[in-house]
Amino acid sequence: MEYYYRNMTEAEYSVGKELVDKITSSSAIAPGYAVYDKRSYTNGKIKAFIDKVLRVINPLKIIEKVNNIAKYYYLYITDRGKLTIRRCRTLFRYY
Amino acid sequence: MKKLFTEPLPGEKYFIYFMHMQPESTTSAQAPLYLTQDYLLENIAVTLPQKYKLYIKEHYSDFGNRGKEFYDKFKHYPNIRLIDPYKNSKQLIANASGIITITGTAGFEALLLEKPVVIFGNVFYDFLGSVKKVNDFNKLYDTFRQIEFKENVGVTPAEDEPHRIASSYIKSLYKGYVNPYYFGHDLASEGNIADVTAAMRAFMNTIDEEKLLETVIKYKE
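Those protein sequence lines, which keep their order, are chains A and B.
Under this note's numbering, residues 1 to 95 are what the first sequence spells out, in order.
Under this note's numbering, residues 1001 to 1221 are what the second sequence spells out, in order.
In case anyone wonders, no lab produced these hints; they're calculated from the structure.
Sample of chain A residues facing chain B (criterion: CB under 8 Å; computed from the structure): (1) Y5; (2) A48; (3) I57.
Capping the alpha-carbon separation at 25 Å, the derived lysine to any residue pairs in SDA-like fashion look like this: (4) K1175/B x A11/A; (5) K22/A x I1170/B; (6) K1003/B x Q1091/B; (7) K1171/B x Y4/A; (8) K1090/B x I23/A; (9) K1175/B x Y3/A; (10) K17/A x S1172/B; (11) K1003/B x L1092/B; (12) K1211/B x Y1169/B; (13) K22/A x N1095/B; (14) K17/A x F1127/B; (15) K1090/B x L19/A; (16) K1171/B x E18/A; (17) K1171/B x Y3/A; (18) K1132/B x T1156/B; (19) K1013/B x S25/A; (20) K17/A x K1171/B; (21) K22/A x G1129/B; (22) K52/A x S1025/B; (23) K1090/B x R1145/B; (24) K22/A x P1085/B; (25) K17/A x E1159/B; (26) K52/A x A1198/B; (27) K1175/B x E10/A; (28) K1171/B x T24/A; (29) K1211/B x Y3/A; (30) K17/A x S1097/B; (31) K1211/B x Y5/A; (32) K1132/B x R6/A; (33) K1175/B x R55/A; (34) K1075/B x P1049/B; (35) K22/A x L1092/B; (36) K52/A x D1186/B.
Here chain A is said to cover these stretches of chain B; the calculated rule only asks that three of the stretch's residues, wherever they fall, bring their Cβ under 8 Å from a Cβ of chain A: (37) 1104-1115; (38) 1123-1132; (39) 1156-1167; (40) 1195-1205.
None of the values given here were measured: they were computed from a predicted structure.
Glycine included, C-beta positions come from ideal geometry on N, C-alpha and C.
From just these sequences and the hints, can you work out the full model?
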């Protein structure tokens, strides 16, 4: 985000105008909340999703890619679904 | 429990702190030094300039988990007001003098509403000018005074700043759904798996390996 923020031209500001207008004009926090339905997703469905992703992208391959760095960094999907790389101290956390 | 929480008072000047649900990555991974929120809140309460109240809004998903003893500590602070967890956050942000959060997305929303934000951890919007990142409690007082000064003088961000923030945020996103709760999409569908895996690959390509390696070497030393 920082890269885009620093390299953005004024003409490109319109991309975010809609989001800002939505937030400043309605009481909704985020448009996604409107279809929030926790019951429709079971742990099994979430697991199936993660399994399918891991079938395409092998986390160990990613670790190979960063080679030396792999000892200290690992990739994970957080409990809110964000994709993050984190520094770690032991190899155990890869698994 | 509900008796502990009150409504905001009209006309009162306040900073609002949005509590984090715990355990969660927003604190455990992004701000592991700030896991004890009560300790943090007590520090904020004693450093906040006198004319402001500190409103604390409990995370509605965590309401009831912390127990009465947790909130009882704040009774001793005359400048703390516990706010109903089900109050409209956007309204509270709009009327506040500033927002305090460890790494919460409430901070991002506050930026779009042109409010100053004080944060303590690593979060995607922490590089922005309206965001004050506090790493040292000794600097907390100065941070609040700066915000107070700007408020008194009437300094506000540039008119199109929220558009710029929102635009760069949208541009930095990858296509694909990974959050099962907020969207009515089938996460495990072929199309979504293709999007998510492409996003992961693209994300990996943005990593500056040499820079990471430098950090690792520094870390080893």
